[in-house]
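**Student:** Quick note, the sequences are listed as chains V and X, same order.
FYI, in the working numbering the residues of the first sequence are 1 to 356.
FYI, in the working numbering the residues of the second sequence are 1 to 356.
One should not assume that every hint holds.
One side only, chain X facing chain V, incomplete, derived with CB under 10 Å [claimed, not checked]:
#	residue
1	Ser122
2	Ala157
3	Leu352
It should be emphasised that the hints constitute simulated quantities derived from the structure, not laboratory data.
Every residue gets a Cβ at the ideal spot worked out from N, C-alpha and C, and that includes glycine.
Protein chains: 2
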Amino acid sequence: MTPAELHLYLDECRELVTAEIRRIIPADPRRGAALYDLMLDYPLREAKGLRPALCIAACRALGGKLEAVLRSAAVLELYHNAFLIHDDIEDESLLRRGGPTLHRAYGVPVAVNVGDAMLALSLQPLLDNIETLGLGPALRILQAVARMTRESVEGQALELDWVRRAAWDLADEDYVTMVEQKTCWYSFITPVAIGAIAARLDPGRIDALTSFARRLGVAFQIQDDILNLAGDVDEYGKEIGGDLWEGKRTLILLHALRHAAPEDRAEAIRILALSRHESAHGSASEAGTRVKTPDEVRFLRALVDRTGSIDHARAVASAWAGEAQRAFDGCAAWLLPGVHRDLLQSLIQYVLERVR
Amino acid sequence: MTPAELHLYLDECRELVTAEIRRIIPADPRRGAALYDLMLDYPLREAKGLRPALCIAACRALGGKLEAVLRSAAVLELYHNAFLIHDDIEDESLLRRGGPTLHRAYGVPVAVNVGDAMLALSLQPLLDNIETLGLGPALRILQAVARMTRESVEGQALELDWVRRAAWDLADEDYVTMVEQKTCWYSFITPVAIGAIAARLDPGRIDALTSFARRLGVAFQIQDDILNLAGDVDEYGKEIGGDLWEGKRTLILLHALRHAAPEDRAEAIRILALSRHESAHGSASEAGTRVKTPDEVRFLRALVDRTGSIDHARAVASAWAGEAQRAFDGCAAWLLPGVHRDLLQSLIQYVLERVR
């Protein structure tokens, strides 16, 4: 599949799912109209459409129908966008998909509520699956979603715990554990699992397919970290260097700290302990901490270059993509040949080469 | 039932449900331990235990067993406490159940995540109901929860919409609509409905019982507004006058504005438009607004007294309690005589007379 064909597939899936989200969100002009508009804000922004494509492609490559999976794919987008809104608050992020984050545009109270509203509306469509898919698959999808939410919240908790403990002495394996929980479960593993359930795949084979998805997700996230440091803001849609400002535990930064000279490491950790914004959240514990300066962030960026950490990240991402390919090869025999299987295969190269 | 017996019943239900919450929240010492501790923070604080008691009493007064309802009652508490945490952020509240609100103690990022974590953990126990209650009741409980979350988020949205539009020209009916959605659905209607489903009550009768619960909830919330203005902080556990500082649309304040002299009304609305805290959330739209002074809040408090608005609220609460009694009388014939039915009956007087 050519890159152009791949992007066309992703765009089509995104449009299908966005239309389905519009059907899920009630359009009551009298009440809560402002809320419902804001629930469409992130979903309508330019996005890659990876989750919808994974979900739909997995279902269809296994012989399932589009209608069997579309509603669940839309629910995953509701969950994902709800978590994005709340993550942006938690991370004090400034930009999302080329625009200001929701809490910057409308304030934290509204953004918290919009995320909650999206989570609240996600249960009913999954119950409606009972009528269209039958009880067994509908319940297995509910179980998959329950697992997904637990894993992703635990991953977020793990990361917040590192922040609170000022933990920086972390190995690549710690990073991968966090990424699997925080990113892979809701953006890769569960979309593929739900596509497979909707297509009534034998449960024994679902693990093989989700193993592919998990490895793909790790490669994707490492590439995302690389783009955050070395990407083009117009393509990437988020602020370049935002991870350094936010003090995110990325594979790159952890490698840089492990390979820095002791005095550079100490200086970097001092800088990383500083806030991003002045008393942004009014938390008592943050009162009095100074904010990072552009010079200090430039120091971190130079350290990353000196330690060759971006090259290290590229090599690790590439190795995970290789693992994803091996997992895919193990499934290829029982995936139907055609555009849907090709899409799944092509995503392996895509996650490494993408610029946004 | 004497007040002492009623409090004993509430306390017992609260303890049963708290123990069940501990069973739902995983106790993994390695990962996310800090998160799991924080999830117990609000549930372990002194609380009335109304929802657990309503849920358990409804089930048992209909001949259901405690075990049939306990897990679902615990899930309702998870939902309720998650919404409390997020509401406290949205309302910039300072105190909750006698202690600092979670976001004041740990910062907004952690508080957003703890609430999300509680919501995330709430799906699995409801799926586990399938094994213990059978498929039909388990699915009806899931449907009840889906409805509850939608109603309460819509109620919250309605209120936030009033804040954004600076809407103050509101009737008692507007207030009641908001309270039914925001408070009654998750604290009264759904607990009773789930108790009834767990006891396998004929669906036709559930509406009669939830009508009682809804009316009880409106009376409860009006009394809560009264305590917020005229209560004792040591009993009430929240800041007295907090609703005025936060500019909450209460029955009391709306009545005061409707009955104030035109110049007092204009002054009150000017004051209510001011923020509570300085740039508490870093929202662009709030930048530059001045905060309320204690003198200005005292002006609002005096206005409430001049217009007799607290007496009006007492009369309205009493009328709703009367409506609740009439609804209860319609159910009494098919509720089993005994302590559980007595508890439901006694709550009507309790919501009006409570001091906390």
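**Student:** Indicate, hint by hint, whether the structure satisfies it.
**Tutor:** Verification of the hints:
1. At about 9 Å, the closest approach between the beta carbon of Ser122/X and any beta carbon in chain V falls short of 10 Å, and the interface hint on this residue holds.
2. A least Cβ separation of about 4 Å between Ala157/X and chain V falls short of the 10 Å threshold, and the interface hint therefore holds.
3. A least Cβ separation of about 29 Å between Leu352/X and chain V goes past the 10 Å threshold, and the interface hint is therefore violated.
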